[in-house]
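J.: Take the sequence shown: its letter number 105 is residue 106 in the numbering used here, and every next letter is one higher.
Possibly wrong hints are sitting among the right ones.
[Stated by the list, open to error] EDC-like, lysine to aspartate or glutamate: derived pairs with alpha carbons at most 20 Å apart:
#, residue 1, residue 2
1, K86, E28
2, K90, E28
3, K71, D49
4, K109, D80
5, K90, D80
6, K70, E30
7, K71, E105
[Stated by the list, open to error] Just the calculated beta-carbon pair ranges, DEER-fashion:
#, residue 1, residue 2, range
8, A106, R76, 20 to 28 Å
9, R16, T94, 57 to 65 Å
10, V77, E105, 18 to 26 Å
11, I15, L75, 57 to 65 Å
12, K110, S74, 24 to 32 Å
13, E28, R87, 54 to 62 Å
14, K109, F50, 34 to 42 Å
15, S74, F50, 33 to 41 Å
Hints were generated in silico from the structure; no laboratory data involved.
Ideal Cβ positions, reconstructed from N, Cα and C, are used throughout, including at glycine.
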Amino acid sequence: MSDDTITRMSLDEIRRQKGQSDWERVEREAEQDAAAADDPVFDEPEWDFARAIFVEAGGLDLDDLPEAKKPISLRVDRDVLDFFKRQGKGYQTRMNAVLRAYMEAVEKKG
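All chains, full assembly: derive it from the sequences and hints.
T.: Next comes the structure, spelled out in structure tokens:
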């Protein structure tokens, strides 16, 4: 290492230096992280293993897999939503099960 890359400073000189950290940005991002951490949607995922498929190594056929769930925006009456939410975690899975049962009953009826 050559001497021209070494800078000597006293403690007072170091203390007078202006930091290069963007503390406002750090604070904004910390607030965003805290808000995301408090979001109940992301607390714990709702895993639905009812339609899980056991696949042995090398035996995966994509045509055998169920379709992935599609996120949508759905308007429902407040009392209907409150009813399902009162049941606890997994209310979206239960709502999906009710819709599926209705769909299958209508399809079976012809």
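J.: Now tell me, hint by hint, if it's right for this structure.
T.: To see whether the hints hold, each was checked on the structure:
1. K86 - E28: violated, 34 Å
2. K90 - E28: Given that 20 Å is the threshold and the Cα spacing comes to 32 Å, the pair is violated.
3. K71 - D49: Between K71 and D49 the Cα gap is close to 14 Å, so the pair holds against 20 Å.
4. K109 - D80: violated, 29 Å
5. K90 - D80: Holds. K90 to D80 sits at ~17 Å (cutoff 20 Å).
6. K70 - E30: violated, 31 Å
7. K71 - E105: Status holds; Cα separation ~18 Å.
8. A106 - R76: 20 to 28 Å: holds, 23 Å
9. R16 - T94: 57 to 65 Å: Since the Cβ atoms of R16 and T94 sit about 58 Å apart, the hinted range of 57 to 65 Å holds.
10. V77 - E105: 18 to 26 Å: holds, 20 Å
11. I15 - L75: 57 to 65 Å: holds, 59 Å
12. K110 - S74: 24 to 32 Å: Hint holds: Cβ distance 29 Å, inside 24 to 32 Å.
13. E28 - R87: 54 to 62 Å: Given a distance of about 38 Å, which is not inside 54 to 62 Å, the answer is violated.
14. K109 - F50: 34 to 42 Å: violated, 25 Å
15. S74 - F50: 33 to 41 Å: At 26 Å between Cβs, range violated.
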